[in-house]
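> Let chain A serve as the given structure and place chain B on it in line with the hints.
Top line first, the protein sequences correspond to chains A and B. Taken in order, the first sequence gives residues 1 to 684; the numbers are from full-length UniProt numbering. Taken in order, the second sequence gives residues 1 to 684; the numbers are from full-length UniProt numbering.
Hints were generated in silico from the structure; no laboratory data involved. The hints are all genuine.
Identical chains blur together in the list; that is why a pair holds if it fits in one copy or across any two.
No farther apart than 16 angstroms at their CA atoms in a straight line, the calculated lysine to aspartate or glutamate pairs in the EDC-like style are these: (1) K647 to D97; (2) K219 to E229; (3) K392 to E367; (4) K543 to D598; (5) K643 to D97; (6) K197 to D396; (7) K648 to D97; (8) K197 to D406; (9) K344 to D371; (10) K197 to E401.
These numbers come from a predicted model, not from an experiment.
Protein chains: 2
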Amino acid sequence: MGYTDLDTLAVNTIRVLAVDATFKANSGHPGAPMGMAPVSHVLFNKFMNFNPQNPSWANRDRFVLSNGHGCMLQYALLHLFGYKVTLDDLKSFRQLDSITPGHPESHDTPGVEVTTGPLGQGFANAVGLAIAQRHSAAVFNKPGYELFNNYTYMFFGDGCAMEGIASEAASMAGHLKLGNLIAIYDDNGISIDGDTKCAFTEDVTKRFESYGWHVEWVKDGDNDLAGIEAAIKKCQAVTDKPSMIRLTTTIGFGSKLQGTGGVHGNPLKADDCEGVKQAFGFDPKQSFVVPQEVYDLYHKHSAEGAAKEQEWNQLFEKYATEHASEHAELTRRLSGKLAEGWEKHLPTYKPSDPANATRKLSETVLEKIHDVVPELLSGSADLTGSNNTRWKNAVDFQPPEYNIGDWSGRYIRYGVREHAMAAVMNGLAAYGTVIPAGGTFLNFVSYAAGAVRLSALSQVRAIYVATHDSIGLGEDGPTHQPIETLAHFRALPNCMVWRPADGNETSAAYYSALTSKHTPSILALTRQNLPQLELSTIERALKGAYVAVDAPNAAVTLISTGSEVSICVDAAAYLKEKHGVVARVVSVPCFEVFDAQDKSYKLQVLPDGIPVLSVEALSTMGWERYAHEQFGLNRFGASGPYKDVYKKFDFTPEGISKRAIATIDFYKGHTVRSPINRAFQQIL
Amino acid sequence: MGYTDLDTLAVNTIRVLAVDATFKANSGHPGAPMGMAPVSHVLFNKFMNFNPQNPSWANRDRFVLSNGHGCMLQYALLHLFGYKVTLDDLKSFRQLDSITPGHPESHDTPGVEVTTGPLGQGFANAVGLAIAQRHSAAVFNKPGYELFNNYTYMFFGDGCAMEGIASEAASMAGHLKLGNLIAIYDDNGISIDGDTKCAFTEDVTKRFESYGWHVEWVKDGDNDLAGIEAAIKKCQAVTDKPSMIRLTTTIGFGSKLQGTGGVHGNPLKADDCEGVKQAFGFDPKQSFVVPQEVYDLYHKHSAEGAAKEQEWNQLFEKYATEHASEHAELTRRLSGKLAEGWEKHLPTYKPSDPANATRKLSETVLEKIHDVVPELLSGSADLTGSNNTRWKNAVDFQPPEYNIGDWSGRYIRYGVREHAMAAVMNGLAAYGTVIPAGGTFLNFVSYAAGAVRLSALSQVRAIYVATHDSIGLGEDGPTHQPIETLAHFRALPNCMVWRPADGNETSAAYYSALTSKHTPSILALTRQNLPQLELSTIERALKGAYVAVDAPNAAVTLISTGSEVSICVDAAAYLKEKHGVVARVVSVPCFEVFDAQDKSYKLQVLPDGIPVLSVEALSTMGWERYAHEQFGLNRFGASGPYKDVYKKFDFTPEGISKRAIATIDFYKGHTVRSPINRAFQQIL
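With the rest of the complex left out, here is chain A:
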């Protein structure tokens, strides 16, 4: 192995850069970078294959920093190895509009694979990256063409280890026998509250073994570079289990406060910075100094990585001749584009087609498109039969030895692990060759809120199939009936929430979700049957909102989504018949898409002069954006057959009509401006 002073110098360069950047920012976390510099040095310089000139090389090894607060470690490494992260970028750590924000963001910084910081997320992302690798290898590797054989390496700390999402993901990775995943646990015994002994005394090694992981322990993670190297090698040799290296380190190694909570989340004091530099042989008066020999060492490794990519590219060119269709397919997938003409397979419906639940219509979409969208990996958090996420002939993604699927399988059994599912999906999407769709009840997307937020922030194409989307689920009752959920996710930036009202709208939702490369989508789907609307088409639904029942000289517009649209259609008929009142109906399957239309279209849908009443059997919050008055459910639901529950809460033609008339009366004699007209533009 032969580690020399140069290795020590490189390790200490990483440490000192972290000290300097957090000191200059007067903010950030020096402790983890100082403790994990040794393992980073060994991992990046001895094991990892990557080319900083092309951070998107398909077969690069993936690195995930689940303890994302330690991101100065990652930024320092990216800089030292020659990614497009300059010394000035390090000097701008945690400053406005820098590419070195307070936690790693994949869309900001070249070389950052996934957005981490919220604890435990990166752990599950790494499981997703490893699944994607296994799957891509199974689909694309051929004899003599090992296109995909990369590892996923992931660091995590005590905080991640305590988070339930990491437990879920670890159990899943163990079940899936992901031998391509190597996690390194920064066992430094310190979290924000100080010694982890105050809250976290479990046997982590035994826990990971219980999940079916291989575990190594390096007792002197501060110095034992050879021991680290040996441990990683042993883990690589275990191919039928994920591996965890328990790396015992000293947080803030080198600081006067090393080994204490004092170095976790605060920069070192000036004198401590100087002391660290002195101890590590750096000039205490200088900052952001990188010895040339460290650059040379790391750039040499990067050059080797570039050469490996070159070899890979040649292999891939040769692959084109022997496996032309697979080559074309992989090239297409890596571009993020869908196959030409795929959308022609989306089912369409006539008004005379039978009523159906949108969860079933979603299943039909999957049935029709799964062959032409082979990058789609579906799955469910143990609700397959309820979410209808599995097409008939789907093969499960499973280790072949279980005899219930194989690595090429496109259906993932996530188990009852919603939070991990969403974060695994973020990892899958980040890999670059697959598009994940995962199902649960809409109400339990909330269990996954932390990860769905990161789908949006990190701009990935992930599709949440969220069935049982309202009191319409009936008997399961208030514990399962979402009320606040759509308001929550509609308020989340860069997240599309679809609530289709029928078959054509369901097809539109999938079209939008699959073609939105940088935005996750939540598809809120019913358990109960809905009729096909008269005027719905995929094209109209793709405007986000459209007129579902038109009527000249209408006195009121009813605007609605999903299962309530057809009740509004009935309400319009009821208003006409019983009250001689003319109502038009607007279906708005997706707020975010409608918001993106031009103003003249929006004003056609919601014209001046007609008061608007919204109808949705969920929280009214947010509906004021389109409606002068709102009819919804600002309380918890009830357990009972769904028709009884709808009736209890007045979501009937009569109940809607009553409120429509109240709305008309309220605006009588007033100038009615469309809610589309606003005083100023929002910051977006």
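What follows is chain B alone, placed relative to chain A:
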């Protein structure tokens, strides 16, 4: 032990009731009740102390069904033992307005301790109940007066075992050595997707051992009543560890489909129902039959429980003579009332008092009131120094052998386990002698969304101290800056979201949270300093909204919360000085409380004739309720010093003024009605 045919009959009676009720409802989960009837029989009839005539006896043993979908098991037991759950109630299972909803709801059904069904929640609730027991024993038990010595028994299934929240709670319970907690794992190998082998192959026993639990295994949970009894006895003998009994059962025991996913979530077919009854010696043509000897057996046990309560009541009376003040204190706590005059200790502020962060002002509240609200148990998910949740002389709640606290401690180190924290808090609140407060960053309350929802649904007094409540947290960046979070929780029914703007408003938030016996509260608090407002008082803030800057003939009202209120105050001055425009400012620290005021007050705050502009550095969603126009942040934030971030997004006096003028212009020449005026009342 001597189990007889009567025991078998009792077990089968439970099974048949579950079969009948789900069949009649044509909905529900017969499988778990049929599999867990034997352990229920042994546990309830041989071990548990309770009095069905008084389900709120303070020292009753607690029972939690974490696999809440199996609630027909619980309803059957409650009926058979004589709680106020009739045979007719069982016949109304899952029907509208019954007391036997689709999942157990504590506020609906006598004998149901906590609301479960969302998987994993009950597991963590039970940990909370066990903590509350330990704490109450430490505070109130005296030599000769063992007032609190109850056990918490909890059932959980494979689904719960997969959920991260249960992993978090299990790790916490192991650390805390909760020997008063006995969990029974229904190891039936089936979840909704079928055989758990498709997703869940970990070694659960080993995992629980790694957390520090004692584990027993009963291999024939379907029949071995003596083995079950022996296992529970062994667990009771282990007093320094929580215990888990792995109980291997056959889901749907007795059905033709037993041992398959077919009996998990669907009623049995008619012929299968008949077959089950025949096999168990019941008349296949009759339904809802309870043999009198089963009633007799169970009522005898209930009578013994009533006698034990009687003894306890006598002991408690005697306690009054020897420990008068503790007796009075416990009596008060059990009534849910706070100590007379406690609110006089809430700090108040003058405008001249120094600027301060609301998280620090929250700390001051805790510092001032912790002595007079001794039932308050604070804590944090490993962010103590950031959440400021710990008063100076607080003692940690810890097993005494760690020498870092004791059982009487009132500060809980939850670890980095937000979801479990919230569900543990629900359990603490349900115990009846303590009020929980727990801290994390506002953004990470989203990790706990599943449990916060149940705080609201189950109507418990839990206080979430949610600091770092906006882009004002600065450098940590978008991964930590909430945008959608307040919209989410404001849309959640029965949840109060407070975002105080200064010291008096912070005191008001605590007053409201502590006196709202049936509603959880989220306190959104700043990291950054805020000035004390001119007109703020506790009384005014307790109206939910009040006029913070009054001005006759104002052209616009600026309505705002928290850290943006003082910027609005500055904006009003800026508007006057630079544009000669008169603006008034309204602070609305709590939407839910303001909504509850009478209309005339609300119209004083937001009068007709003046357009309203809302200002909050979070999603604008929901603000239309009070404001004609909204200024907010419908995109993710940015990493940088907080003042730079505020400036970037225009949350400055100038930025607000610009939009105020646009608002005034937009409404010029239009009749302006207050947003308080609505066409009809919402369903609440």
